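Participant: The primary structure of each chain is shown beneath.
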Amino acid sequence: MIETILFFVLAATSLAGAITVIAARNPVHSAMGLLGTLFSLAVIYVVNLAHLVAAVQVIVYAGAVMTLFLFVIMLIGVDKAEERDETLPYQRQLVIGLAVITCGLAIALATGSGFRWTPAAPAAAQAPNGTIENVAEPLFGEWLLAFEATALLLTIAAAGAIALAYFRRGAPEEVAE
Amino acid sequence: MMTLAQLGSDVSWMAIAPELVLALGAALVLLIDVQFKPKTGGSLAWTTGFVLAAAFGFALAQWLRLADIPISERFPFGRMVIVDGTGLLARFVLLVVTGLAVATGWRLFERLGRRRAEALALILLSAAGFQLMAVSVHLVMMFMGLEVGSIALYVLAGITRERADSDEAAMKYFLLGSVASAVFIYGVALTFAGTGSLNILEQNQFLTQNILLAPGVLLVGLALCIIGLTFKVSAAPFHAWAPDVYQGAPAGLVGYMAAAAKVGAFIALWRLVDLGFPTMRASWAPVVAGIAALSMVVGAVLAAVQSDVRRMLAYSGVAHAGFILTGLLSGIDGIRGVWFYLAVYTLQLVGAFGVVAAVTGASTSRSAISDFAGLGRRQPVLAVVFSTLLLGMAGLPLTSGFIAKFGVFQDAWQAGFEWLVIVAVLASVIAFFFYLRVIVTMFMEEPSGDDHASVGVVARWVLALVAIVTVVLGILPAPLLELAGDAVAR
Amino acid sequence: MIELLPLVIALPLAGAVFLHFFGRRIGEPASGWIATLAIGAAFVVGLVNAVPAFTGELHHAEHVAIWDWMPAIGASLEIQWDALSVLMTLVVTGVGTLIHVFAIGYMHGDPRFSRFFTYLNLFAASMLTLVLAGNFAMLFMGWELVGLCSYLLISFWYTKPSAAAAGKKAFVVNRIGDFGFMVALMLIFLNFGTLSYGGVFERAGEVLTTGTAVAIGLLLLVGAAGKSAQVPLYVWLPDAMEGPTPVSALIHAATMVTAGVYVVSRAAAIFELAPAAGYAVATVGAVTALWAATIAIGQSDIKKVLAYSTVSQLGYMFLAAGLGGYVAAVFHLMTHAFFKALLFLGSGSVIHGMADEQDMRKMGGLRKHMPTTAATMGVATLAIAGIPPLAGFWSKDEILGVAFEGGTYGQVLWVVGLITAMLTAFYMTRQWVMVFMGEPRWDDGVHPHESPRVMTIPLVILAVLSVVGGLVNTPFRLGLEHFLHPAFEGIDLAHPSEEMSVFAILAAVSVLAGVAGIAVGYLVYNRPPARWTKFQEGFGGLWTAWEQAYRVDDIYGATIVKPGKRLADAAAFKFDLPVIDGLVNGAGWLVRTVGSKLRVVQTGLVRNYGVLFVAGVLAAVIWMVVAGGGV
Amino acid sequence: MTVTPGWYMTLAAVLFAIGLLGILVRRNALIMFMCVELMLNAVNLTFVAAGRALGLIDGQVSVFFVLVVAAAEVVIGLAIIVAVFRQRSSASVDELSGLSG
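One line per chain: the protein sequences are A, B, C and D, in this order. Residue numbers are given in this note's numbering: position 2 of the first sequence equals residue 2, and the series is strictly consecutive. Residue numbers are given in this note's numbering: position 220 of the second sequence equals residue 220, and the series is strictly consecutive. Residue numbers are given in this note's numbering: position 613 of the third sequence equals residue 613, and the series is strictly consecutive. Residue numbers are given in this note's numbering: position 26 of the fourth sequence equals residue 26, and the series is strictly consecutive.
Chain A with its partners taken away, still in its complex shape (with noise of 0.2 Å):
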């Protein structure tokens, strides 16, 4: 009982936030419509037994996503309320029209399953308890090559990044020919 009233409430609050994002005018209420859903998921997260994978979304999403959000809505100053009136011809009306078909598709699949997603589970399977010792035995254990792959990532964004913004100082910045 107490998880079905969490279930609404979460719910409640984390679709208040998606529909914060995508439709507040400024770009900072956005971010914390994010953060309200981040942080609903992280406490679904607990409810599902979740504990590793709450934490982290608190503290990287949370902590560190959204800063750097912040922090580039407040570097180049867009921290200003948007227009609302669509510029572009037709894109109101397709995106009401997909919108349609999307609830259509997913109110069918819902009640077509009958909330049952996952047919392939077993019937008495036992959430599994996900403490930092059993998320940690696979990760590193058989998902070690996929953990590896993280490391090509994070290169990557620090190269990317530094290519992309670290404008070195005195050097020539003409690079057409």
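If you're looking for bench data, these hints aren't it; they were derived computationally from the structure. Treat the hints with care, as some may be off.
Label-pair distances were calculated between CB atoms; the ranges are [claimed, not checked]:
1) 482(B) - 207(C): 37 to 47 Å
2) 72(B) - 60(C): 51 to 61 Å
3) 132(A) - 2(D): 23 to 33 Å
4) 40(B) - 132(A): 43 to 53 Å
5) 129(A) - 72(B): 47 to 57 Å
6) 132(A) - 72(B): 25 to 35 Å
7) 129(A) - 38(B): 47 to 57 Å
8) 482(B) - 87(D): 46 to 56 Å
In this text the structure is predicted, and so the values were computed from the model without any measurement. Just so it is clear, CB atoms sit at the ideal spot from N, CA and C, and this is done for glycine as well.
Position chains B, C and D against the provided structure of chain A, taking the given hints into account.
Facilitator: Showing chains B, C and D alone in chain A's frame:
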């Protein structure tokens, strides 16, 4: 508690040696740049070449002793990757393509100044990513490979950041690409929910042993995975980014960007649909066929109305993605035709963009067809090379492109997709004309304006070699076909 | 030794290449001897490798891969060495060698002597490619090359307008047949997914429906009719006599024209599934046999007689093959190669001795001046007339025997064949008598003389073969049948009746027909020309029709060529420009219009692309879910 | 009324759809990135819920990788925004239409 010994239980460094070499090479390139601050790119060029050769050597070594590797050692790293001929062939193609791209686009790296180290490192890392993608049989691993490869490409598209076009290309590529990645990983999550596994082989096992009453969610997941991958190969209707990115990105890198993503994504797509979901063939085959048909028609028709060579090549790439998808439809044997097509097409693509870079400049974004007028007189070698490559892409008999097209069409015909083959032939006919238009412009029209065309010695030889290979493989395709056949057998 | 087989093709090819570059420098007769050596060596290689076939050790087709071009579709250079290709190779190289030798004498003094031998060698290489092919792709390659070479050879004296025209005609008519052949190959490929003989013939039964098999069979027949000069595509062969006589002997007796028979025999497995196509082949063959035989009667040009005779005899082979008598067809192909080559070469010897005179009405009494030629041609005449125990008797009788056993329809064809046999005996005797007997009717200044040794020795060898060549397959000893059996494994071969009484009666009837023909021919034509005219007038308009070859060329000219030409003209100026151009332009316009409309979608705005992307996602997802029955 | 993992996955689907449609309606590149983050978070929720239903820890492990990818994408994405901003002084993607056709 886990111990180090357990951790290394099925670690096989040899299985991912080419990727390790590339990653270390990328680090080396960055370190050399930081430590020695070289004024010219010579040392970095040598390092890159050496790294690529070493990676190729490791792949080759593994290929040679592939038959001796028992089945138990074919799935190292917790069954995340597979050691098989197809994966090794994908590496061969990727490494060759990377080498060719660097060689033909070297003028760009010279102009990039200190940023050339980052560019080279990114190329090496992205090659490693696409290679991992091509060998993974685990969907999250595949996603990691895809991201490693793609994120590097986003940066490369914008590496000439002083040009507004380059930035625009990077932004478009990044936005649409990350949406496509999200779609892909969402598809992965849904197939995970549907099958209880992230491993392609286990998913197939589950599906052959169970009959799903309501596979709706699983089908959505599979569809999203396929979409995510077809986005990377620029198949219609997920192609919109390709022309803009190919035009905006620096010419010296476009060949690599187009070719590498295609190799990784096509091999991954093949593994997904033919190794993971053969049981759902009736569901995905019509969709893939539809995407293929749309790609061929849209690509050919839109390429015909372009006035920019790079946009034309981009749209023709859309059509080629359709052709290759055609070959994917014929089940597990189709990989032979797909691989052959990929190998010859990516080679031609890199060569063609190499010529474009030589003619219009390695870092520019515009390359109007009229810039090529009179090239036959100004730079006869380049003109002949370009013509050969274009004819190869058009699929003229006696070029490798013909054999490739023939192979995939035949496969599709035998798989019962006759209508698709007819569409494909029509698209090829349309394609022929726009390729021909460029050739006619090069040889029949008077040069207009100034002549910027210049090409380095290495690039000239490399380009000539690619053209020669295109012709030789058209006359003597048997060795390469055999190699592809071997790969399937191994 | 089987690895050496590619040499059979390579040697003549090398000869051709060598002579192409150095022939002029070497000059005559050395270049002729080099060419002869090349094909002779090919013969030796073939013969050495044929030993297992003779000893019965070649049970299955052996394959020698030269070059795997596209193994996936069975298109590679690959030799199939089985009884059928053994026989064809030996005939082509053996008879070919003799013809080469003869040509050294015949072409003496020709300014393009070495060029001639270049072509001859190239032709031989092409023909060997055709018969040695292990798949349809290589067969087709040989098929086309043979056509090309024959064009070069027929119009060898290209300064003569008639020679150039004849070459062109051969080319065009052959093209019509080739088109059918090509479509047949496409059908084969689409049905089997491969072009290799093994992949096609072994699976023919399970892959082909009767309808498809009939379609393929009929298309193959069209191709074969073009190459083997069958009704209605035979018209090129008589004209092709414009070429030098050794060319006629090589192309029109021993090699190229037999390609059609060879292909039909090769594709026996397909024809077996399509009896209707087989009957079509037999009918075409019978009609051709009779049709051409009647025309041959009315000819007065020594080579034209032989040309129509060849067409007629090829019809014989088709008749047998169509009824399933592949062994009989191939047998006749072989014996015919001997005696027809002999006849052509003999006529060449006569023409040579008569200073290029070809009109038989201006010959006569030559036997005293050209004894060897006369004797050898006499042997050949008897052989083709079917007089026992010469070669023609046995093979012709086997064909007639097959026909007789082929049910009611077969017996109708048997009657046709018998009439043809009689006519053949008649016109061949007529020819020999007109040329060698009676009083000289030469033009002034002609001094007939026997040809040099280099020409007569091949004649003698061929004469010997014409005598004994038939003994390889007699009802008493079925040597050839056993020899060829492995190549027709699983094929229901048609045989003549095995009962000796039936054989004896049939043989007696056909010998009687032959003797009757000979007798009439001798009695009528061994008299002064005035009597011939009287005899000929007895046939009324019919003789004129024969003399003019039923004016088929004129009919074709009026009904096909001229309207065709007019159509082509009209097409070029009325149809081509507005319609074809219009179509092309229209298609181009369509592509451009659609393209520029579609281009609008590519606005350059990411959010528009996003809409396209999401729409694509939704479409694909919904399609997939619906197709998979997910909802 | 017990909450099943299916509920969470439905919630995730809705979040994913909101993110996907957000890309189409917002023209500020930064907010479009946020929408991508939203989509990736929906994926994470799906992974966690599915892992719970299946009794597999793999779902939670996968989340880490999506997270790393998200972080890397943010870094590169923001770098691209900065580069674009230096050229055009605007983060609106509607102004990026130099390449078209």
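Participant: Would you mind marking each hint as holding or not holding in the structure?
Facilitator: Hint by hint, here is what the structure shows:
Evaluation of the 37 to 47 Å hint for residue 482(B) and residue 207(C) yields a failure: the beta carbon distance comes to about 26 Å. Distance hint check: the CB atoms of residue 72(B) and residue 60(C) are about 41 Å apart, inconsistent with the given range 51 to 61 Å. Checking the proposed 23 to 33 Å range against residue 132(A) and residue 2(D) shows it holds: the Cβ atoms sit about 28 Å from each other. Take residue 40(B) and residue 132(A): their Cβ atoms lie about 49 Å apart, and the range 43 to 53 Å holds.
Between residue 129(A) and residue 72(B) the beta carbons are some 32 Å apart, a value that contradicts the proposed interval 47 to 57 Å. Checked against the given bound of 25 to 35 Å, the beta carbons of residue 132(A) and residue 72(B), roughly 32 Å apart, stay inside it. Take residue 129(A) and residue 38(B): their Cβ atoms lie about 53 Å apart, and the range 47 to 57 Å holds. Between residue 482(B) and residue 87(D) the C-beta distance comes to about 51 Å, which sits within the given range of 46 to 56 Å.
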